[in-house]
Every structure is written in C-alpha cells, then in structure tokens.
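Those protein sequence lines, which keep their order, are chains E and V. With the numbering used here as the guide, the letters of the first sequence map in order to residues 1 to 146. With the numbering used here as the guide, the letters of the second sequence map in order to residues 147 to 389.
Hints are supplied without guarantee of correctness; some may be wrong.
To give an idea of the chain E side of the interface with chain V (calculated C-beta under 10 Å), a few residues [to be verified]: (1) 32; (2) 46; (3) 49; (4) 57; (5) 82.
Simulated from the structure, these hints should not be mistaken for lab results. Note that the coordinates shown come from a computational prediction; the quantities given were computed from them, not determined experimentally. Glycine included, each C-beta is placed from N, C-alpha and C at the ideal position.
The lines below spell out each chain.
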Amino acid sequence: MTELAYETEHTIIEGHEEHGHHEGLPGTIGHVSPVKSLAAVLGTLLVLTVITVAVAQVNLGRMNVVVAIGIACVKASVVAMWFMHLRYDKRFNFWILIGSLAFVAWMVGYILFDSTMYQHNIREYRETHQIKTAPIPEVEDGHGHE
Amino acid sequence: MSTVAEAENKHEALPARPKELAMHFDNLNQQFTTGKLGMWLFLGQELLFFCGLFTAYAVYRANHQEMFHYAHYFLDWKLGGLNTVVLLCSSLTAAWSVRCAQLEQRKGLIITLALTFLAACAFMVVKYIEYEHKIHIGAVWGSHFGVAEANFPEHLKEAYPNLTAEQLQQMGTGSFFAIYFCMTGLHGLHVLVGMGLYIWLLIRAIRGDFNRKYYGAVDNVALYWHIVDIIWIFLFPLLYLIG
Chain E
1 MTELAYETEH TIIEGHEEHG HHEGLPGTIG HVSPVKSLAA VLGTLLVLTV ITVAVAQVNL
61 GRMNVVVAIG IACVKASVVA MWFMHLRYDK RFNFWILIGS LAFVAWMVGY ILFDSTMYQH
121 NIREYRETHQ IKTAPIPEVE DGHGHE
Chain V
147 MSTVAEAENK HEALPARPKE LAMHFDNLNQ QFTTGKLGMW LFLGQELLFF CGLFTAYAVY
207 RANHQEMFHY AHYFLDWKLG GLNTVVLLCS SLTAAWSVRC AQLEQRKGLI ITLALTFLAA
267 CAFMVVKYIE YEHKIHIGAV WGSHFGVAEA NFPEHLKEAY PNLTAEQLQQ MGTGSFFAIY
327 FCMTGLHGLH VLVGMGLYIW LLIRAIRGDF NRKYYGAVDN VALYWHIVDI IWIFLFPLLY
387 LIG
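Make the full structure from the sequences, and use the hints.
Next up, the structure:
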C-alpha cells in the first residue's frame, strides 16, 4: 500500500466517461477536452460573433435587442457547457449557475416593470420646466446602425 | 484498493500523504471537487454582482431609448469586435491550459498560460485606446459629459446634421456613459485581476507544481476567465452594436 491509498475509487468525476473512451493519463481527475472540440467551440463562437455584428447592421426596430441578447445567450451557453466543462461536470455546479441566473432574471425583470411606472412624472416635470431635448429618433426610419 | 480509514482500523502504518494534499481533505479528488464547488459558488455571486449594472442598463434603455441611440455612435464597434475576438481566443488558450495540466504537458501549460496573459494585455491596450479617446473628446460620465459638435463621430453628423451639442447633453447622454464606464470598467478590473492570477499560475507552472491529480488552481482560474469572457459576450452587442 503506497500513496494510492489517498485516491478514491472514482478519480474520474461521477459517471460522465463518454462511451468508455477517455483521453489522458490513468487516474486523471476530470474530463480532458480533445483539441478538436476546443477548436470547434472557438470556431462556433467566432461565427456567432460575425452573425451578431452583421444582424446589428440591419434595422429590425426593437427586435435588434432581442436578437442580440439571444445570440449572446447561445454564445454564453457554448462557453459554459464546453470551455467550462459543465457538460462533464457534477450536476450540482450546473444548478448553482441556473439558480444564480434565475435571480438575475428576477431582479432585472422586477425592477424593469417597476421603473416604467414613474415615467409620466418625469415627462410632466420636463414639460413644466421646459427642458429641451434632442429630437427623439423614430427607430423605424432606416437610420438604425450603420 | 484500501482506504486511509481501513488502514487506520487495521492499525497499519499510514502511507505518506501526497505533498499537494491539504490536511483537511481525505484525498486529491475530494480536494479538487471541493475547490471547484467553491469556485462555482463564487461565479454565481459574480453574475449577481454584474446583474446590478445590467439592471441599470435595462432600466435606462427601456425608458430612454433615444439616449442609447445617439450615444452608440460614439462607440467604435470595430475596436469592440477586436476585443471580442481577443477574449474568445484567450478563452480557448485558458481551456487548453487545463488540458495541458491534465496531460502533464508542462511546456504546453506554460505556453497556453502565457498566451492567455498576453491576450488579456492586448484587451487592456485596446480598452485604453478607447477610454483615452472618449475622455479626450469629453464623452464621459454624468454631468461631466460635453462633446463639441466638431468632435461628433462622422456617421452621427451624417445621420443627424442638425443635432447640437446642447441637445445631446440635455438628453442625458452622460447617463449612458456613466453606465458604459461602470460596466466596462468593472469588467476591465476583472481582466486586471485575471492577469495577476495568470502570472501566479505561470510561476507555479514553471516551478512544476501541477500534475494530473493536482491542477485545481489552473482549472478554477480558467473558470473565472471564462466568466469574464461571458460578461463581455453580453457587453459587446448591448453597448457597441445595438442603437
């Protein structure tokens, strides 16, 4: 009995060995990502970056925000699942992330709804004090982002 | 394979503990997964930390769309896009450094750690160029905002030839730049911290601290670095691309 006694029976993290194939040295802790899959992830992220820049040049009105956030969410998921190994990790770490995101959505959503309640007070204040503003652009007039 | 507890029960001599194993853990696997759990809890907290600023962004955008429309002309999407590519590439080298540590490729580990550090430097250089220009023309936070018409970006002049500096200021464009500098500034601060961490890892990698069972530091710093990347993945389109 040597220093092996300080290893557990399961040095590879809980049952995510893929199809019996596991690259790496015997007894390695964690999942070893093949270079091919790392490169594929970077490729996907770069393609999505080009798409998000291209789509922003087209004026979709309010949909521009939705599309931009949608593509960013896909990119973030790709980073989390592959670069951050969540796909091969303990499920608990995944649920920490989801739990945190749930509170993010709650906070942004709740405060957003609340903030729109007071806009008429601000408008009234601006009108009574005759505060000049720049002309508010019509988002549909084709000026968008260029 | 017998465990430490079994050895103790049988009153056998205990084997030598691996030098990397801290006294409060039973084995290296437990040490690794515990460290990683702690890192994920920290990252969950990081998201909530940034969430406050994203909320400010959402509230201002929902209520003052015109402010964002005019202000986004001041941001150069080419520089923002360059920084996006730099950060994505550094995420690859960070993920690759974990692979090198797992495979005990010491040379590869040193190279990937150094590349990640250099990409972080490149990011900060581009950030400096952007900040320097904005501060120079007066596109800064809150009531300090004041950009002369002569310094308007060309495509803003083309789109709105009649727009005056006064109008732009009264519209509250300074609030946009307060949000811009807070969000990118806090993110930049994270990049600086990441640079420090990568220097620390480089020193340890050169010293030969890491092996297939002990590379938690490399893995956890890479996780941190990926979260910094993910934050930027959202900042880039929200600030630079959509008006």
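Hints, one by one, checked against the model:
1. For residue 32 of chain E, the interface hint holds, since its Cβ comes within 10 Å of a Cβ in chain V; the closest pair sits about 5 Å apart.
2. With its C-beta approaching chain V no nearer than about 6 Å, residue 46 of chain E sits inside the 10 Å limit, and its interface hint holds.
3. About 5 Å separates the beta-carbon of residue 49 of chain E from the nearest beta-carbon of chain V, less than 10 Å, and the hint is met.
4. Interface restraint check: residue 57 of chain E against chain V, minimum CB-CB distance 9 Å, threshold 10 Å, status holds.
5. Nearest Cβ of chain V to the Cβ of residue 82 of chain E: about 8 Å, under the 10 Å cut. The hint holds.
The structure agrees with every numbered hint stated previously.
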